[in-house]
Structure formats: structure tokens, C-alpha cells
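**Q** The listed protein sequences correspond, in order, to chains R and U.
Going by the numbering used here, the first sequence opens with residue 1, and the numbers climb by one from there.
Going by the numbering used here, the second sequence opens with residue 318, and the numbers climb by one from there.
What the hints contain is simulated information worked out from the structure, not anything from laboratory work.
The beta carbon of each residue, even a glycine, is placed where N, CA and C say it ideally should be.
Be aware that a few hints might be false.
[To be verified] Distance ranges between label pairs, derived from CB positions:
| # | chain 1 | residue 1 | chain 2 | residue 2 | range |
| --- | --- | --- | --- | --- | --- |
| 1 | R | His122 | U | Arg378 | 24 to 34 Å |
| 2 | U | Gly342 | R | Gln208 | 47 to 57 Å |
| 3 | R | Leu20 | U | Gly342 | 30 to 40 Å |
| 4 | U | Arg378 | R | Leu8 | 36 to 46 Å |
| 5 | U | Gly342 | R | Asn66 | 35 to 45 Å |
| 6 | R | Pro41 | U | Asp451 | 43 to 53 Å |
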Amino acid sequence: MNPQIDPLILGEAADWLVQLQSGAATEADHRAVQLWRNRSPQHALAWQRAEALLGDLRAVPGSVANDTFQRLRHNTRVGRRQALHRLGVFLLAGPAVWVAARELPWQQWSADQRTAIGEQKHLTLPDGTQLLINTGSALNIAFSREERRIRLLEGEVLITTAKDPARSFIVETRHGTARALGTRFSVRVGEQSSQVAVTEGAVEMLPQQGGQGLILKAGEQGGFSRDSTAPVQPLDGAALTWEQGMLVARNMRLADLLNELGRYRPGVLRCHAGVAGLSVSGAFPLHDTDASLRLLQDTLPIRVSSLTRYWVAVEPR
Amino acid sequence: MSSIDRAPNLHIESLYCEHHGWLHGWLNRKLGNASDAADLAHDTFIRLLSKPARSFGSEPRALLTHIAKGLVVDRWRRQDVERAYLESIAHLPEAEVPSPETRWLILEALQRIDNMLREMPERARQTFLLSQIDGLTYGQIAEQLGVSLITVKRDMREAFLACLSVA
Chain R
1 MNPQIDPLIL GEAADWLVQL QSGAATEADH RAVQLWRNRS PQHALAWQRA
51 EALLGDLRAV PGSVANDTFQ RLRHNTRVGR RQALHRLGVF LLAGPAVWVA
101 ARELPWQQWS ADQRTAIGEQ KHLTLPDGTQ LLINTGSALN IAFSREERRI
151 RLLEGEVLIT TAKDPARSFI VETRHGTARA LGTRFSVRVG EQSSQVAVTE
201 GAVEMLPQQG GQGLILKAGE QGGFSRDSTA PVQPLDGAAL TWEQGMLVAR
251 NMRLADLLNE LGRYRPGVLR CHAGVAGLSV SGAFPLHDTD ASLRLLQDTL
301 PIRVSSLTRY WVAVEPR
Chain U
318 MSSIDRAPNL HIESLYCEHH GWLHGWLNRK LGNASDAADL AHDTFIRLLS
368 KPARSFGSEP RALLTHIAKG LVVDRWRRQD VERAYLESIA HLPEAEVPSP
418 ETRWLILEAL QRIDNMLREM PERARQTFLL SQIDGLTYGQ IAEQLGVSLI
468 TVKRDMREAF LACLSVA
């Protein structure tokens, strides 16, 4: 926890911030602030906070901050009051007012879906189709009378389609489309290609720029780029264990494993070249990637060092 | 460490042993997610440890759930900020999208700023955002809000003070 600072000193620090930002600050003001902060450890601490605050404000590009707070205002799933209510707390009078007064309930159905890093989201579409959206994904849903279409912009989705003989079900990525023929399958979009894994029924992959379509049957997986399809392969059972929140590795390169784990945690996860080729087998929890990293550290000759939770490097021990 | 310093920690230890399992179960029921529940149960005790030594009263579970509820709501809020931020940068032209390294620094800064904004009265918050996010001068803000320059400065002081008190 942060140490307590005398509110009077904080008030003086606030006065200085106003003066320095007023546009009328002089050299003498800057010198006076230096003297002020040296008056006591509490003064120094207060000014440290002030500088951290200015640092935060500088770190965020104005347009991004603006846009983010606008979205928050319209998009917050619950306000603090409703959230506490949901937790069974009743506020008599809340001095802490949430940023937005008018918030929409998050249950409101929206066609644009997005998951945060590390988040997985279940969704039932109006036709009964089930989606499980994996970490760091974005997709748009466009249902019409003629067809049911999902545009997968980023990430990965597992789909169990509801039967609807009149309308086909299509997942579109930047590389082309995968058309479901009554089925359960997943699509993951990458840089160069999209990967499809089918557990029930069948899916037809169609590259964007024509090329040969290819049908995957249950128990098969394949991929497509903008102009071609990759050969069909037997389904790797590990490809869909994310549904159970596990990453299963069989003789996987450490670098590839970390790459995969990195999809589920915010920030940067670096792998030192000296250990990138280590072979790893095991099951790793995706919902607790810190635990996964500890597991790796316990079983491999590696060291996991982290500057912050958002900056982790895996190095030789 | 003197025995006086240790006493509260010993107290925490017995509190932990007796109630951690229960708290974890309670959070799990509220959140429906075992690992989030484990995280927050852990944070609840950390929060308790960082409080000045005190007696936990005859209803330690009431205190634990009080702290835990605050943490749950904060976590939801942080997730909301993250989602709004990711949506925001998803709409940027590619050249303006922050690199992965800076992306998370920005998110952390946004979450701290959001936390501070909550402590501000409405007009001070508006003034603060116009000044710090939109980059308007105090004079421009006075004009836009139709208030005096003195009022803008007073609101800015109040906003800064709220930020410094949260930090």
C-alpha cells in the first residue's frame, strides 16, 4: 500500500501542478518547486506522485484516451452501483460516482464481439448457434435472411452450428471463407493463413482469391491462405483443448509454447534464443499463465524473470 | 522484527487458515471462475495485510467479503477499461497502432487515470479531461464551459488533488 501523505502537502503539490500547467509558469516557479520538494521526505513523495501522474497522462495519446473514455461511457457492462448490487451490497449513499451516469446493461446484444487477452466468452446466437470466442479475438456477426455470416477479424472461435437448412453458415477471415455443413468446428485467423479444425460434420474452405475449395470432414484440420488451401491433416487433439482451458504440448518447442501462452496474457512474453529449441511436453493451464510459467521454470533449465507483470522474459538458467 | 510487529501477522495467518477456503468458495460462486477467485482471494489477504494493525472483530468474514467485493468491482472495471481501449485502438489506422510494448504501458496508465477520475466531482472531471486529454489551455476551457479562469484553476486543483490522493 502507498504511504499516507499529509493532505496539506498534497494540496500544495496540486497548487504547483496548476501553476506549472497554467501557461504562466516561469523559470522561478520551476526552481521553487525543486526547493519545495526538498523540504521533507513527505514533500518529495508527494512530488513523486505528481510526476507519476504527469507521466501517465503523457503516456496516453490524447485521441486514444478520448476514444476509450467515450466507449467506456457507452459500453460499460455495469456501473459500480449495479455491480455491488449484483454482489449483494446495498449502498445507502455513494460518494464515489462512476464515470458515466447512463450505462447500458452489458447483456444488451451487440453484433460486434471482442474478448480481452486471457478472456474466453460463450455466446448463443439468435438461431441457437453456440460460439466460444477465445482470447484476444474480435468478430462481427451478420445474420440475414439468406445466410449466417461471421467475420473473424482477430483470434479464434469455436462454433457449434444450429441446424438451419435454409441458411448456410459462413465464417469469413481476411484469407477467405469456411462454410459449415452442419457442424462443430473452430477457425483461427493468423497473419498469413487461417486454420480450421473440425470435430463434427464438415466444413468447406474457400480461399478469398478463388483457388480450389477443400472440404474438411470430422477429425480433420487444414488451413487456407488468400489464394490456396493447405493439405488436409488428421485433427491434432491438442488443437481444441483451449476449450477446456488447457494447452496440451507434445514435444513442442519452448518458443512455440510461449508464443501460444502469450496469446492468453497481456504484455510481452520474450523467449531467449538459447532456450527456444527446448522440447516441452505437458498440460498447461491457460487461465493462469503465471502458474504455467512456474511449471515450466520448475521442469526446465530456464529462469522466468519479469520486470512487471506485462514484461516477462524466459532465459537460460 | 519485534514481537509487537509480528503479532498482527500471526493473527492474519490464523485468519488465513480458517477463512481462505471459505472466501475462495464465496468468490468462486460470485465469479464462476476458480482461477479469478483464487487471485482475488489472495489479493484480499494482501489488502488486509497492508492495513494498519487492527482487530478483525468478531465477524472476520464480513470484513473479508467487504474487501473482496471492492476488489471484484475494481477488476470488472479494469476489464471494461481494457475492452474499451482495445476497441479504440482497433479502429486506428495501422501506422498509429501502438507497438505491443507501449500498448500495455498505455493500458496501465489508462486504468490508473480511470481510477482517479472516479474520485472527481463532475465539473472538475470535465475540466481535467479537457485540459489533460484534449490539451486545451485554461483560457480555452473557461471559454468553452462558460466559467471564469479562477473557476477553471480551482477545478483543476481539485482534480489534481483527487489524483494525488488516489495514487
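**Q** Work down the list of hints and note, for each, if the structure agrees.
**A** A quick look at each hint next to the structure:
Evaluation of the 24 to 34 Å hint for His122(R) and Arg378(U) yields a pass: the beta carbon distance comes to about 31 Å. Checking the proposed 47 to 57 Å range against Gly342(U) and Gln208(R) shows it holds: the Cβ atoms sit about 50 Å from each other. One distance hint, 30 to 40 Å for the beta-carbon pair Leu20(R) and Gly342(U), is violated here, with the actual separation near 51 Å. At about 38 Å, the CB distance of Arg378(U) to Leu8(R) agrees with the hint of 36 to 46 Å.
Between Gly342(U) and Asn66(R) the Cβ separation comes to about 42 Å, which falls inside the hinted range of 35 to 45 Å. For the pair Pro41(R) and Asp451(U), the beta carbons lie near 35 Å from each other, so the given range of 43 to 53 Å is not met.
Of the numbered hints stated above, those contradicted by the structure are hints 3, 6, listed in ascending order.
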